[in-house]
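Undergrad: This is what each chain is made of:
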Amino acid sequence: MGIVELHNVRKVYTLGKAEVHAVRGVTFSIEKGDFASIVGPSGSGKSTILNLIGCIDQPTDGVVSINGTVTQGLNDKALTRLRHETLGFIFQSFNLIPVLNVYENIEFPLLLGKDRPGKKEMREWIEFLVEAVGLADHMHHKSNELSGGQRQRVAIARALATKPQIVLADEPTANLDSKTGQSIIELMKKMNAELNTTFIFSTHDTTIMDIADHVIQLLDGLIVEDTKKSAKVGSLS
Amino acid sequence: MFLTMKVAFRNISRQKKRSFLLAGAIAFGMLVITLMNALTGGVVGTIRDNFSHALGGHVFITGQEWTDAGQMIMKIRPDENLDRLLEENATQIEAFTRRSQAMPTMIFGSKQTMQMLYGVDFTEEDKLLDSLVVTQGRLADVLVEENAVILPQPVGERLGVQVGETILIRLETLTGQQNVGELKVVAFIEDQEELGLSAAFTSRSYLNTLLGMDQHEYQILNMFVTDLSLVDSFARIFREGLRTPDEGEEEAEPQVAVMVAGVPLDPLAEAEEITPWEGTRYRVMHINQIMEAVELVVGVLNRVGLVIFLILLVVTMVGITNTFRMMMIERTKEIGTMRAFGMHQKQVKNIFLWEATFLGLLGCVGGLVLAGVISLIVGNITFDADPSLQFFLNQGQVVFDVSLASVIGNTAIVVLISLLAAYWPARAAARMSPMKALSSHT
Ligand SMILES: Nc1ncnc2c1ncn2[C@@H]1O[C@H](COP(=O)(O)OP(=O)(O)OP(=O)(O)O)[C@@H](O)[C@H]1O
Ligand SMILES: [Mg+2]
Chain A
1 MGIVELHNVR KVYTLGKAEV HAVRGVTFSI EKGDFASIVG PSGSGKSTIL NLIGCIDQPT
61 DGVVSINGTV TQGLNDKALT RLRHETLGFI FQSFNLIPVL NVYENIEFPL LLGKDRPGKK
121 EMREWIEFLV EAVGLADHMH HKSNELSGGQ RQRVAIARAL ATKPQIVLAD EPTANLDSKT
181 GQSIIELMKK MNAELNTTFI FSTHDTTIMD IADHVIQLLD GLIVEDTKKS AKVGSLS
Chain B
1 MFLTMKVAFR NISRQKKRSF LLAGAIAFGM LVITLMNALT GGVVGTIRDN FSHALGGHVF
61 ITGQEWTDAG QMIMKIRPDE NLDRLLEENA TQIEAFTRRS QAMPTMIFGS KQTMQMLYGV
121 DFTEEDKLLD SLVVTQGRLA DVLVEENAVI LPQPVGERLG VQVGETILIR LETLTGQQNV
181 GELKVVAFIE DQEELGLSAA FTSRSYLNTL LGMDQHEYQI LNMFVTDLSL VDSFARIFRE
241 GLRTPDEGEE EAEPQVAVMV AGVPLDPLAE AEEITPWEGT RYRVMHINQI MEAVELVVGV
301 LNRVGLVIFL ILLVVTMVGI TNTFRMMMIE RTKEIGTMRA FGMHQKQVKN IFLWEATFLG
361 LLGCVGGLVL AGVISLIVGN ITFDADPSLQ FFLNQGQVVF DVSLASVIGN TAIVVLISLL
421 AAYWPARAAA RMSPMKALSS HT
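The listed protein sequences correspond, in order, to chains A and B. Here our numbering is used: the first residue of the first sequence is 1, the next is one more, and so on. Here our numbering is used: the first residue of the second sequence is 1, the next is one more, and so on.
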């Protein structure tokens, strides 16, 4: 059983009287440790699917199961807890908390939980992450003092702070130039390999999609192709 | 908890100008109410001091008795019971005076004037002479001649009399007969007229003879207590200790209604249907009874101040609500992000509420500092105001006195109103769907 399972998932948005069928019956499974990519043209339903997996939206129909938990019928509190315990997020526009510095942004998800690690343990872990994303020299900078690439690196570290099972990234490179975007995907891949964290990211950039070992292709809210590469491609060497 | 507080605290300095304006508006309200409280609080203290000074005490005891002719007169005879009370409570008494007093017409040549005259036992009141400021003559001479008198300088000028000369006084005895006497002027003193206290002093024994009293009798016993906050209970000790068995218990706190020449007079004394009694009946009054009227006015002023304060705050509240609504929109994406990472609705709400609290506290501190600075500056100006206004001033200066309780109370009101103003935007922010918040474009 996959760490993320979608079964016949539909999502219908109502815009006034009009109905928008964003996802029209999607079934797939993502295994633990996958570096998965959801690709497709604009409007094909990538964000919608990531939102459903990310428990910030609920399907109209079908079953979404995250780490064995079916999200259907869960109230806001339970969904919030599920997000905190199993998920990390990376956003297209970085979404760092502007009033917090690099260290504090990474620490932020850790402080939300009830059972936190010890102070020393926490600091060492955050420092490890800062080091891993290559921002040891920028620990106390605010987000407006960082470049886009640097911000996204902070976001990657933040997404990993709670050691989540799954990290979701909706077009993490869309706001970056292709070279920086490439390095961000490579960093994600590195963390995926090192920590065995499942990454699911969306993109419409085919060069970036190649690095993934599991590619789900969408068109108009339906899967057109679901390929798993047994031999992992694009590993850093 | 600490996380939400930290984020809230940082958010305050995010839009410095906006926070400054809001906190400034709150500070203004706080400034107004604090100055109002401080001013009225200070005035109560000042008026109490000035009254005590003018009346020569905090607690006043008079005695009334009936003559054989059926006339009520005001005097206190030597009384062992009273002496015992004075002795027993000596530690609570800072100083006391036992004086006679009259309002005679003073005549010198063709000029005359009415003047308050105290009959003082100068050996008992050994500090009095030191407290007077001589402008001419020698104070110590009052001890030499029995009918010596110390006059306020302006009175001397009005009469055209010099030190060493003798003036004539005309007065009524206790029983209402006309009497005359002679007083020898030994010294002039600076007048304290600004406190309503223009007093001449002569020896009690001499004034007593003119009033038709024995040498050891007197009319009013004034006491300064060491601890003004205990004045009520102190007065009660004397009131109960001096009550004669046949006296009713009803008048626990006699109302002070009429004051003549600085002496509180009991209006009932003039009432018709009073049956004469044997011996002396005492009447014990204290400064707080007189202050009640002042405090009533001050209470009204403070309430007016509170209303102004609340109106200012309600106006500010509208501003806070609008600002918080704006902040909520500006931070939509940020809220979505925090929610995605597992922040609960309640925590989002708390960020906004903490922000409101900090803003309110910031405003309060600002207002208090401003009030402190203003009262320090104004409090150091000596006003050369009209004498009648001097009663509200302490040696020409405005006294500010604000109680910690009122500061805490006002701060609580500010914080409460800030919280109230921020509550709905905070709730709306918390209830936003994380998905919608994240897809917003702000
Ligand atoms: N909140 C919403 N309300 C109404 N319609 C929506 C909403 N979110 C998405 N849609 C619609 O659902 C469809 C799928 O949108 P989605 O955002 O998932 O596409 P996407 O693949 O992420 O596109 P892009 O590459 O542009 O981000 C689109 O037609 C979109 O207009
Ligand atoms: Mg999208």
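Please keep in mind that the hints were generated in silico from the structure rather than gathered at the bench. There could be a bad hint or two in this list.
In the DSS-like style, the derived pairs of lysine-lysine whose C-alpha atoms are separated by at most 25 Å in a straight line are [claimed, not checked]:
hint	chain 1	residue 1	chain 2	residue 2
1	A	Lys77	B	Lys333
2	B	Lys184	A	Lys77
3	B	Lys111	A	Lys77
4	B	Lys436	A	Lys17
5	B	Lys16	A	Lys163
Undergrad: Determine for every hint whether it applies to the structure shown.
TA: Verification of the supplied hints:
| no. | hint | in the structure |
| --- | --- | --- |
| 1 | A:Lys77 - B:Lys333 | holds (20 Å) |
| 2 | B:Lys184 - A:Lys77 | violated (96 Å) |
| 3 | B:Lys111 - A:Lys77 | violated (95 Å) |
| 4 | B:Lys436 - A:Lys17 | holds (19 Å) |
| 5 | B:Lys16 - A:Lys163 | violated (36 Å) |
Checked against the numbered hints above, the structure breaks hints 2, 3, 5 and satisfies the rest.
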